[in-house]
Structure formats: structure tokens, C-alpha cells
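Participant: Chain by chain, the residues:
Number of protein chains: 4
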Amino acid sequence: MTGLDAFGPEVHEEVARVRELVSRLHAELPRWELVVWTAGNVSQRLSTADLFVIKPSGVTYDELTPESMVVCDLDGTLVDGDRSPSSDTAAHAYVYRHMPEVNGVVHTHSTYATAWAARAEPVPCVLTMMADEFGGDIPIGPFALIGDDSIGRGIVETLRESRSPAVLMQNHGPFTIGKDAKAAVKAAVMVEEVARTVHISRQLGDPLPIPQEDVDRLYDRYQNVYGR
Amino acid sequence: MTGLDAFGPEVHEEVARVRELVSRLHAELPRWELVVWTAGNVSQRLSTADLFVIKPSGVTYDELTPESMVVCDLDGTLVDGDRSPSSDTAAHAYVYRHMPEVNGVVHTHSTYATAWAARAEPVPCVLTMMADEFGGDIPIGPFALIGDDSIGRGIVETLRESRSPAVLMQNHGPFTIGKDAKAAVKAAVMVEEVARTVHISRQLGDPLPIPQEDVDRLYDRYQNVYGR
Amino acid sequence: MTGLDAFGPEVHEEVARVRELVSRLHAELPRWELVVWTAGNVSQRLSTADLFVIKPSGVTYDELTPESMVVCDLDGTLVDGDRSPSSDTAAHAYVYRHMPEVNGVVHTHSTYATAWAARAEPVPCVLTMMADEFGGDIPIGPFALIGDDSIGRGIVETLRESRSPAVLMQNHGPFTIGKDAKAAVKAAVMVEEVARTVHISRQLGDPLPIPQEDVDRLYDRYQNVYGR
Amino acid sequence: MTGLDAFGPEVHEEVARVRELVSRLHAELPRWELVVWTAGNVSQRLSTADLFVIKPSGVTYDELTPESMVVCDLDGTLVDGDRSPSSDTAAHAYVYRHMPEVNGVVHTHSTYATAWAARAEPVPCVLTMMADEFGGDIPIGPFALIGDDSIGRGIVETLRESRSPAVLMQNHGPFTIGKDAKAAVKAAVMVEEVARTVHISRQLGDPLPIPQEDVDRLYDRYQNVYGR
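Which chain is which? The protein sequence lines are L, P, F and V, in order.
FYI, our numbering numbers position 219 of the first sequence as 219, with every residue one higher than the one before it.
For any residue, its number in our numbering is found by taking its place in the second sequence, counting from 1, and adding 1000.
For any residue, its number in our numbering is found by taking its place in the third sequence, counting from 1, and adding 2000.
For any residue, its number in our numbering is found by taking its place in the fourth sequence, counting from 1, and adding 3000.
Treat the hints with care, as some may be off.
[Stated by the list, open to error] One side of the interface only, derived from the structure: several residues of chain L facing chain F at Cβ under 7 Å:
1) W32
2) V36
3) H109
4) T111
5) T114
6) A115
7) A118
8) R119
9) A120
10) N171
11) H172
12) R202
[Claimed, not checked] Now the in silico label distances, taken between C-beta atoms and shown as ranges:
13) A2027(F) x Q1212(P): 46 to 52 Å
14) E2157(F) x P1209(P): 49 to 55 Å
15) T3065(V) x R2160(F): 51 to 57 Å
16) P209(L) x R3097(V): 56 to 62 Å
17) D2050(F) x D3050(V): 41 to 47 Å
18) N2224(F) x T1060(P): 40 to 46 Å
19) E1013(P) x S47(L): 43 to 49 Å
20) D3050(V) x T2048(F): 56 to 62 Å
21) L204(L) x D2216(F): 36 to 42 Å
22) E2157(F) x A3027(V): 15 to 21 Å
23) P209(L) x E1013(P): 56 to 62 Å
Because the hints were derived from the structure by calculation, they are not lab data.
All C-beta atoms, glycine included, are put in the ideal place defined by N, C-alpha and C.
The task is simple: from the sequences and hints, build the whole structure.
Facilitator: So, in C-alpha cells, the structure goes:
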């Protein structure tokens, strides 16, 4: 028996499809060097039920299969799967409960993004690709302990006041969101890339800021005209 | 129907050959860690018609095939292909219109080159391999927004006053040129390598300059005597 | 004849199993970029005899096989195997003699951990993942020459006063311990990761400390509640 | 016809064996990230004739085969092979003519070693693995232009006054030597590793020096007692 017995065939079908997708997207994290060992997790919300698929806890990237992915409800309670959900499940669930437009969440400890997070310093928007993808600075979220809703609340409160799909949680690391898991993975890849490039630029002097109106034009074009 | 119907068999043959070549050269960008996700693009101008082959927009490196490459005319208008051309197509087209000796263009956001670009600081010529390949400093191009000819014009105006086949567009990233796409890819690999090495050298002090006459001797030898 | 003739079948069986395990775990060291050439070694103590399995000396990672692993007693004397044990065997043996709860030891010269070791500067606990895994700062061990018990003694004396499973031996590099070789390998991967992230954070300013009571809560949860 | 016709069968046999070896060792250069594109070269002197085998010029690492390797005499003149010898052949030849105990030479532009070379600053001996492998600081050679014996003479004069098998040629990059090509490749890997680790250590403060008598003890043990 599984908690999925209460759901119809279209949910079972979507669970199978999203397990496959989320399992495959986890391979992007080591590929782009965003994680070591078992750190980092990807989830996607279903469109057919108030459920999401997420990585199980403590499983290495080599061992991940569609079958090992677990299904949780929006309180983060395990509904289907042989293993415990990721220890970050409560944060993913909180985001899904409070941001209905978000259907994908990713968390990593990627090095350069986490380095900015440890100083609680936003990444300034000094690259055209940052303007395109993030629409401005990448913001810092509060210091929050795992174990209750603090991390989820910190993510949601920070992202609601920003165009950025990425937040750097202080002393912790980046969380990213998207319309689906693939978009959130792309944001996780891009946040590390721009955190790294701006870090390196700052090592030898001050990068030139991009005027806000140009940031706005680039962001609008990339998100709208360019069809993203 | 395709816009290629108006062209003869030698053009069709070259299109097939250059699609294969440009597709294969794109694999060099992730291989040398010059790009993440779908960023970066390579193009080559045909010798049999006023056309060039370039990467389609938003396609990941795993999905690139010769068939997915697109063909544009020198105004950057799509002539053949199932997808939209790269959003940087207008810049490539401008270069081909204004630099007849250039038959290959590459654009990336490679990390160290982009870090210098964000400070609008040329990479000083302090390595013999820079003298060989670039003949001096690697210059900075103007800040320019995507959407009209500004980027292309900035590339051409900067490169015309330099021996360097690479320009670092301010707050944006490197563009490189060559007699063919392979030469432009090599320049893209080398600009990141020297941007990285000089950055690292500068972190702990001032690299020693190479006297201009020695730069000139090294450049002449590498480009002429050595047969490049 | 081999020194294993004096031991019963359960020891022979465990030796075969641990040779396979230790050989396989060595592949994690180049995979996570902790070693170059032949540097770095992993060992695991047997549960059925006062013996441990360790890498042979001077063998490259491509050539490692279960059969090439060597078996030593707790004085570090070769008991079984065709090659000399790693030159770090005496340090592993000392740890096993003096820390009965430790059954796995790893040594590398991983870059960022060794960089902190060369300055004899502990890595400060400014990341939640450091609090989870290390329970505080990563401590520095004394400068010690190879050839007698100095290195082993330095490791044991430092780790006894810390919750960290990793010690950075001054001017030398990290040693890590665990309940088995896999746990010690994980600690070797994590010590490099946090040494690197904190280094990068410190390059542009001062990372924010995590209050000791929060470090304690995170450590307790990760080690106990979370079931590690 | 080839210049090898004048030599006996034992030379032909050794040429075949060393071509295979030198071709295979070139793969270590990209593997350890010491080179990009076609930069970097490995050579080994024959024991049966005053000849050495070296990489051809301008060939990428994917295209290297035993057959593409070329054979030169100790003046650097091509004796056998279908392509031009590496443009660094004169420097290799000079080393073989003046250092009879050296049978392997490697040249790269590896990033961190070249970064120290651009500042003309020796890498200080602050790591036990440096004491083991290099016996002290890694020295700087003079600025020298390609085209005559200047580079070879700079290498030989610098290495004669040092225990180090590696020299960092100013504004250029490292050259390493060894009793055979494999030993020189190992030195090329290790020089980059220690140049990188000491660079990173120095970024946040001053690494602690190792007393000269301890450097001497470590070097003697590693080179003699330990059996290298």
C-alpha cells in the first residue's frame, strides 16, 4: 500500500513522468559542479494533485533512479517512496504552499553562491547575463535553522520582494525557483556562474554597475520579447 | 520550402559541410569550460554565398546536431533551419558585413574574460603566449545593449584598432574572430586561458610587462615565420 | 606463504571484502579532485582481527585493484600484499592503536585544506554544513616530520579535543577519520569543500560567524535526530 | 627514406617503444589540466642513440598517435616523422646536450606555475610535499625569446643551481626535467599542484616557512630512503 492509492490514474501517470524528470535533472547538479557527495536537491510540483516529487535523503548521485525519488504532500509528509525525503523537504513544501506560480525548487551549496551567502552580501548586477536572468542583484535571505518553517519563510519573504529566481540564505546556500524543475535547475546553474564571475571580477577592483534602466530593458527583453 | 532553394548545389554542399563543422566546434565550448547551459555560440561564413551558419537559440549542448544549426544571411535573417537563430546573430552578421577577412565568430561568457570585461579593464600582455596569439593587450569594447547594431559596431570598431582577435565587451563577455570558425574557437579558448592566468598572477602582485619590441618579435614570428 | 596464514577464514573473507571496498573508495579521491598523481590514501580496520587494509606505495589511481591493496598490522608492518604499504601507513596505524572507535582513515593533500594548513589557520565555522558535519572549526595539528610517530600523535591529540573528524596537519595536509573508510572519505570530501568555500568567502571580506549555540543545535540534529 | 636508415635495429625498436610512451604521456597533460588546445610538449631521449622523440607542432591532443610523434637529433633537427617538430624543440635539445643525466623534458603553460613566472617570483617551500619533490623553492629562469639557445640556456643555468626538477621561465611558463619522460611529467603535474596550493595559501596571509634542515631531511628521505 502507498499513500498514492487515494489518487486517480492521471496522478499516477504524472508521478511516473515527474520521477523520471526529477531524477534526470539531479544529474545536472554534479555535472555543473554545484554539489559534492549527497548535497543538493531538486523537486517539482504535480499539476494533477497537491503533491511534489523530491530527492530522497542521503542517496548519492550515482544511485539516483526514478524509483528512488519520493512523493510528498504540501506539508512535506511522505506519501509514496521507500526512503525518507530530503532533509530540506519542509523548505520546498513551504515554497509550494505560499508561491502558487512556482512548480520547481532547487537547493545546493554551490561554492561561490555560498561564499556570498556566508558574508550575507548580495551579488551586484554587473553583468548583462545577470540583468537577463535575474533582473537585478541576487538577494540575501535571513539566517534560519532547519527544523521548522524558518527557512521556507525566509525564502518566500525574500523572493517576493525581488525579480530574482534565486535567494542566497545567509551562512547556508542558494535556493532557486521556477515555473518547473528545469527552470529552477537553470537558475541554480546561473546563480553559481554569476556569483563566480562577479567574485572574480571584484578580486582585482570594482566592476562597473549597469544603470537600472538598462537592467530593466535587458530583463524585459529577455523575459518577454525574447520569449522566455 | 526553404530560403536555400534559390542557391545552387555548391551552396547546398557547403551548407551541409559547415553545419557539421559548426555543430562539432560547439562541443569545444563546454569542453574547455567556456559556457554553461545554452550560453555561447559559434558561426562560420560560407565561401560560396553571403550566408553564415550559426547555433539556434536556447538549445543545450547535448541536443546540438548538424541539422539543428541554422543558416542566416548577412543581415541576420533566417534563411534555412527549423529554429530561431541565436539571439547574438545580429552581432555576428554585423561583423561579417564589415570585416570581409573574417569568416568565423565566437561569443561566450567565459568566466575570467568576463570578469575583466565587468571592470572594463584590458588584459595586459605579460605572457609570451599572449604576445604570440594576441600581439598585445586584449582590448575592451563599449557597453552596448542587445537589440540593434550596437554590439556588432562595438566589436568591429575595437578590433580594427588592435592585433587581437578577441574583444571583451564591457559588462558582457568576449567575442572572438578568425579566418574560419576553428580559428575563432581557438581564440575563445586562448582568451579565457590568458585572462585566467594574468588574473591569478595579479592577485599576488604585479606581473612584469614584456617590452613592446619583444611583443612585436614574438607576434611576428608566431604569425609569419612559424607559419600560422 | 603470507602473514595471513595465521588467521581464520572469517579474516580471509573480510580481507577480500575490505580490499574491494578500499580499492573502490580510492576512486573517490581523484573523482572529487582531492589528489594528483599517486598522492592520498584510504584505509579501513578489520572487525575480525587487529589488521587494516591500505593503499600500496607509489601506485597510480588507474592501476589500483583490490589485489594490489596491502594488509598491515596495527604497528604498520606488512602482513599481506605484493607491494610496500603507503609511506603514510605509520600514521594510520597510530590512529587505529589510539582511537578504538575509528575504523577508517583518509589522507590527502587537497588544495584548499592544505592552503589553510600551510598558514596553520583553522577553518572557522561559518557555514551551516560545517556545523552539521564538523560541529565547529576545523583544527590545525602540529608540524611533524614523517619517519616516527609524530604525525600519528599529532592527529590523535588534535582530534581528541575536537568534534571535527578532520585535522589539518601544519604545512602538510588533511587527515580524516570515521567509523569506517566511507565515512572518512566523506569527511575528506567535505573538508575540502568547506575549506574552499570559506576561503573564497574570506577573499572579499569577513564571513559572519554562526553563534555557538546554533552550531551546537545544528550538529546535534545532524548527528542524532537526523540519524547519522 | 628517413634519417633513421643510418641506425641499427635496436634504435628502430627503441624509437617505436618511445613513440608509444611519449604519445601516451601527452595524454597526462590535458588530464591534469596543464594545457589547453595544442600547447605543451613532452620528450624523451633514446638510450641507444643521440636522438629524442617529441610532439609534432600544432597537433591537438585528440589527434596524437605514436606515428605522429617525431624524432630529432640533439641539435633539434628532424630525423624522422611526417610533421614539423614542436616549436620548443630547440629548448629540449639544448637541455639534452648539456644535462647528460636528463632523459625526459616537459614544457607547459600550466596556469598557476605561469602566474608565478609572470611575476618572476619563486614558489617558496612551505609544503612538506614540496620539500619531498623539489627540495626547496621552485626557481625562476630568465626572460628569453624563442628562436635561438636563450631558453635552453636559461633552463640549464637555473636548474644546475637548484635541487628542483622544475624551473619557471619568466613571463613564459614551467619546464621540468627527469630521468625519463614519466618523471618529467610527474614534475610538471607536481609543480602546478604546489604553485596552486601555495598561491591559494598566500591569498589570505603568509604561509609558515619550513626550516631548511627539515626541508633537507624530507628531501633526503623521499629521494633516498624512500627509494625514489
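Participant: Determine for every hint whether it applies to the structure shown.
Facilitator: Verification of the supplied hints:
no., hint, verdict
1, W32, "15 Å, violated"
2, V36, "5 Å, holds"
3, H109, "6 Å, holds"
4, T111, "5 Å, holds"
5, T114, "5 Å, holds"
6, A115, "4 Å, holds"
7, A118, "4 Å, holds"
8, R119, "5 Å, holds"
9, A120, "6 Å, holds"
10, N171, "6 Å, holds"
11, H172, "5 Å, holds"
12, R202, "6 Å, holds"
13, A2027(F) x Q1212(P): 46 to 52 Å, "50 Å, holds"
14, E2157(F) x P1209(P): 49 to 55 Å, "50 Å, holds"
15, T3065(V) x R2160(F): 51 to 57 Å, "56 Å, holds"
16, P209(L) x R3097(V): 56 to 62 Å, "57 Å, holds"
17, D2050(F) x D3050(V): 41 to 47 Å, "57 Å, violated"
18, N2224(F) x T1060(P): 40 to 46 Å, "42 Å, holds"
19, E1013(P) x S47(L): 43 to 49 Å, "47 Å, holds"
20, D3050(V) x T2048(F): 56 to 62 Å, "59 Å, holds"
21, L204(L) x D2216(F): 36 to 42 Å, "39 Å, holds"
22, E2157(F) x A3027(V): 15 to 21 Å, "43 Å, violated"
23, P209(L) x E1013(P): 56 to 62 Å, "50 Å, violated"
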